[in-house]
Amino acid sequence: MEIILAGGHVPANFDSMGDLMVPHPIIVDFAVALLTVSVGFDLLASVVNERDLRIVAWWTLMIGTVAAALSVVSGYAAAPADASPMVTETIEFHRNLGIATLVCFATCSLWRVSNPNGFPERYRDAYWTLTFIGLGALITTSYWGGLLVFKFGVGLLPPS
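If you read the sequence shown in the working numbering, its first letter stands for residue 7, the second for the next number, and so on.
Hints were generated in silico from the structure; no laboratory data involved.
List time: in silico DMTMM-like cross-link candidates among lysine to aspartate or glutamate, alpha-carbon distance up to 25 Å:
id, residue 1, residue 2
1, K157, E98
2, K157, E95
3, K157, D88
4, K157, D35
With beta-carbon atoms standing in for the labels, derived distance ranges:
id, residue 1, residue 2, range
5, R130, T42, 16 to 22 Å
6, E98, D131, 30 to 36 Å
7, P126, A75, 18 to 24 Å
The C-beta atom is built at its ideal place from N, Cα and C for all residues, glycine as well.
With the hints as extra help, turn the sequences into a complete structure.
Next comes the structure, spelled out in structure tokens:
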């Protein structure tokens, strides 16, 4: 199938619809949004002591962690093989931050699943520390991902 973009031309490196269907930028938005909302609802639930807020935090944590895992996997698939050394190093740093983020939130998810009340009462400070380390890693990972796209043009079609 021939793909013709606006302007009636096909970029030289554009082979198929598969080039348009890179899922990483889509999936990662879900991970960032859901995990951030989860932390926010947990904080709010701690202040107002409302069980429904903990339920929302629990579900957004679980779904956000799955989205984070899919983001890491899709990031591996989306990484260009022919990038310059500087871009490759930045991608590796971004990938390692993504893995660290996933480890933090996966640990929080397992911690929450193993607790019958939905929120760990024991070692609460350790849980919050891990949560905020994960949130910091998430924000930093997002920053470096944005840098890859907007500074280095990773994932964008080059001008034809």
